[in-house]
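**Q** Model the full assembly from the supplied sequences, consistent with the hints where possible.
2 protein chains.
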Amino acid sequence: MKFARRMEALKASEIREILKLIENPDVISFAGGLPAPELFPVEEMKKVSVAVLEEDGQQALQYSATEGYRPLREKIAKRMEVIGIGTTADNILITSGSQQGLDFSGKVFLDEDDVVVCESPSYLGAINAFRAYSPKFVEIETDEDGMIIEDLEKALAETKNIKMIYVIPDFQNPSGRTWSIERRKRLIALANQYDLPVVEDNPYGELRFEGERPPAIKSFDTEGRVIYLGTFSKTFCPGLRLGWTLGDGELLQKYIFVKQGADLHTNTLTQRELNKFLEMYDIDAHIEKIKDVYRKRRDVMMDSIKKYFPKNVKYTYPEGGLFTWCELPQEMNAREIFLKSIKVNVAFVPGGSFFPNGGKENTFRLNYSMMSEEKIEEGIKRLGKVLQEEMTAGKTI
Amino acid sequence: MKFARRMEALKASEIREILKLIENPDVISFAGGLPAPELFPVEEMKKVSVAVLEEDGQQALQYSATEGYRPLREKIAKRMEVIGIGTTADNILITSGSQQGLDFSGKVFLDEDDVVVCESPSYLGAINAFRAYSPKFVEIETDEDGMIIEDLEKALAETKNIKMIYVIPDFQNPSGRTWSIERRKRLIALANQYDLPVVEDNPYGELRFEGERPPAIKSFDTEGRVIYLGTFSKTFCPGLRLGWTLGDGELLQKYIFVKQGADLHTNTLTQRELNKFLEMYDIDAHIEKIKDVYRKRRDVMMDSIKKYFPKNVKYTYPEGGLFTWCELPQEMNAREIFLKSIKVNVAFVPGGSFFPNGGKENTFRLNYSMMSEEKIEEGIKRLGKVLQEEMTAGKTI
Chain A
1 MKFARRMEAL KASEIREILK LIENPDVISF AGGLPAPELF PVEEMKKVSV AVLEEDGQQA
61 LQYSATEGYR PLREKIAKRM EVIGIGTTAD NILITSGSQQ GLDFSGKVFL DEDDVVVCES
121 PSYLGAINAF RAYSPKFVEI ETDEDGMIIE DLEKALAETK NIKMIYVIPD FQNPSGRTWS
181 IERRKRLIAL ANQYDLPVVE DNPYGELRFE GERPPAIKSF DTEGRVIYLG TFSKTFCPGL
241 RLGWTLGDGE LLQKYIFVKQ GADLHTNTLT QRELNKFLEM YDIDAHIEKI KDVYRKRRDV
301 MMDSIKKYFP KNVKYTYPEG GLFTWCELPQ EMNAREIFLK SIKVNVAFVP GGSFFPNGGK
361 ENTFRLNYSM MSEEKIEEGI KRLGKVLQEE MTAGKTI
Chain B
1 MKFARRMEAL KASEIREILK LIENPDVISF AGGLPAPELF PVEEMKKVSV AVLEEDGQQA
61 LQYSATEGYR PLREKIAKRM EVIGIGTTAD NILITSGSQQ GLDFSGKVFL DEDDVVVCES
121 PSYLGAINAF RAYSPKFVEI ETDEDGMIIE DLEKALAETK NIKMIYVIPD FQNPSGRTWS
181 IERRKRLIAL ANQYDLPVVE DNPYGELRFE GERPPAIKSF DTEGRVIYLG TFSKTFCPGL
241 RLGWTLGDGE LLQKYIFVKQ GADLHTNTLT QRELNKFLEM YDIDAHIEKI KDVYRKRRDV
301 MMDSIKKYFP KNVKYTYPEG GLFTWCELPQ EMNAREIFLK SIKVNVAFVP GGSFFPNGGK
361 ENTFRLNYSM MSEEKIEEGI KRLGKVLQEE MTAGKTI
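Note that the protein sequences, when read in sequence, are chains A and B.
In case it helps, our numbering puts the first sequence at residues 1 to 397.
In case it helps, our numbering puts the second sequence at residues 1 to 397.
Treat the hints as calculated values from the structure; they're not laboratory data.
Some hints here could point you the wrong way.
Here's a subset of chain A near chain B, in silico, CB distances under 7 Å, partners left out [to be verified]:
id : residue
1  : A9
2  : E17
3  : L34
4  : A36
5  : L39
6  : F40
7  : K46
8  : V108
9  : A132
10 : L240
11 : K254
12 : N267
13 : Y317
Cut-off 30 Å, straight-line C-alpha distance, at most; resulting in silico cross-link-like pairs (DSSO-like, lysine-lysine) [said to hold, decoys possible]:
id : chain 1 : residue 1 : chain 2 : residue 2
14 : B       : K185      : A       : K2
15 : B       : K343      : A       : K78
16 : B       : K385      : A       : K160
17 : B       : K254      : B       : K160
18 : B       : K360      : B       : K385
19 : A       : K2        : B       : K154
20 : B       : K46       : A       : K289
21 : B       : K136      : A       : K254
22 : B       : K160      : A       : K11
23 : B       : K360      : A       : K75
24 : B       : K185      : A       : K254
25 : A       : K46       : B       : K46
26 : B       : K385      : A       : K75
27 : B       : K20       : B       : K343
28 : B       : K306      : A       : K11
29 : A       : K47       : B       : K75
30 : A       : K185      : B       : K2
31 : A       : K136      : B       : K136
32 : A       : K136      : B       : K2
33 : B       : K254      : A       : K254
34 : B       : K75       : A       : K20
35 : A       : K307      : A       : K375
36 : B       : K75       : A       : K11
37 : B       : K20       : A       : K2
38 : B       : K136      : A       : K20
39 : A       : K2        : B       : K11
40 : A       : K46       : B       : K47
Think of the CB as a built atom: it goes at the ideal place given N, C-alpha and C, for glycine as much as any other residue.
**A** Below, the structure is given as structure tokens:
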């Protein structure tokens, strides 16, 4: 049997493989991007499930519109106002997590060998989703304010067959960085100039621990070329696989056609449950609760890194989201350190996989949402010791 | 902005468009393929939702394995025995309906311009799913026993770049026909000879009103080249989007990679709810209830067709499933008849769309699962009148 050419490039996500390795409950894991399950609204879900099935159980279990459940789409549209996006339910498609919006973006825009422009590093799950359409990747260097626009400009001028720009502007995965407003505007100006779509992936923006949320890149889009991907995975719960794709008219229609062929529509019952949750409870109060917990964990992680990591490890200070990103001296290899770290029951994700074209093996990502404050301090302490030993060993050679 | 080439071929499913036309509750619809919602286990779903959330609510709302929830996969594996498939949970991937298994089959096997061999007519949703990968289609004539094997043999010998054979062997959509055991064996022999994968799509097999279920095509597969797609949409409820892909080892692994990029995993909560339903209730007794209702509706539809349709309309007599298939005299056009039929509030799906290469506009599909017996008789009576008038008018020209 012969497979499609794309299958050569597809492999298991390194994170998923790592997560399998560390099923041992003794492991202190900074590896996944999992929300803290003790914050999930389990009791509320029981109430909304029963309410939905009692009110209109038959419709809740039947096939439904590809676009999604309209009352839910209306509520999502309204929630977009706070980041400067004025829109309506007509511009919202409900997807199976924002991951599905990534897959659809590949399907809508990419032919074999087309180019995706992305941040360096970028989200592993997006890279894998796009790889199914056999593109090439051009990575743009980033700093504390997002993509370095001069580098982007140069790439756009010099590269053929660019079809899409993909960015995660708020608390980026894996770097934890957030784009400045000025860079957002300049990105839009360039997308307009080169007539390119921008996929704005924003799973973490609502989890800001301090300061003000910047307006979405989409809010500066006057030509309908930004597709905004959102999700309830980090603010509600991920197991329900509820995300959305926001796009203007004809462009969103293409995503809807793709959704029809991919899985007809998203789970009807779950959409109605989330809609009922938004009616019966205050999700913003719920998000505040999540942020309080994550903020403290972030603080403990930052303090611990400062205390226990060797001084020549660089790291970002995230104002929200789930991750910080560490850079070791050039000659060090985070995959090798992972193998040593897992021996003292501490896990993280080596950074190499976040670079679609490879390299930067001296980086790694740390998650702080899943572990208790005590475990975070203990884990960082152990990891600091492993790093210290590696550096000392390196010097003795 | 430039879209991928595939987007030129993708359009809204004709069925979905028709379903939008007929939201008027006065319409007697034979158009959709919707299960009867009055048979959905609404009360049971309330109980299993609460049970799952009480037992392990946090895990039920968390991210979970791409492959799916193991206890559910084990139960599905066991349910495959009745059609001759001996398998284990390791060979089962939970998908968002069997529709997602169709999309994944396209992704795993098809490059642009590769050939899919399918029945003529074939399932519209599969044709649309595959179209996203820009293949060509070779249609094989079918009769009451399935594909005409001599035609298949000829096509396999003469056609280049065939990558996949796609069939719906039980109560086919749209034709309502079932493959004989002999044809199933001969299909496998040819697939072996030409080293081709077979995608066996079986959403309706469990809804057999009389006679015995034939063994699955997969049951004759000794070389791991059949991928079997199943679903709970017709036997439980479709809104939950729960299906499965069954395949051997390495081949299934490719589907799992694809699933990871497409949406990470299927809804955790819903998988556990279905699993709990299978533990707390007798799904086979539930399926018997469904069959009793559909059998009667099938009978009323068949009797009414016999009574009210002009004698030169050919139709199939389905022993299960949801559909019958009608063929008008060659010169008649079912799309034109649809426009007249909808004026008397009766809807169906013109058959042309079920032929990926076009043609056969003199065919249409009738669904009998959704409407009450009274409405079925009334609807067929009205449609019979429209057909009679059309034929009479045709003769006067």
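**Q** Find the hints from earlier in the document that the structure breaks and name them by number, from lowest to highest.
**A** 1, 2, 4, 5, 13, 15, 16, 23, 24, 26, 28, 37 and 38
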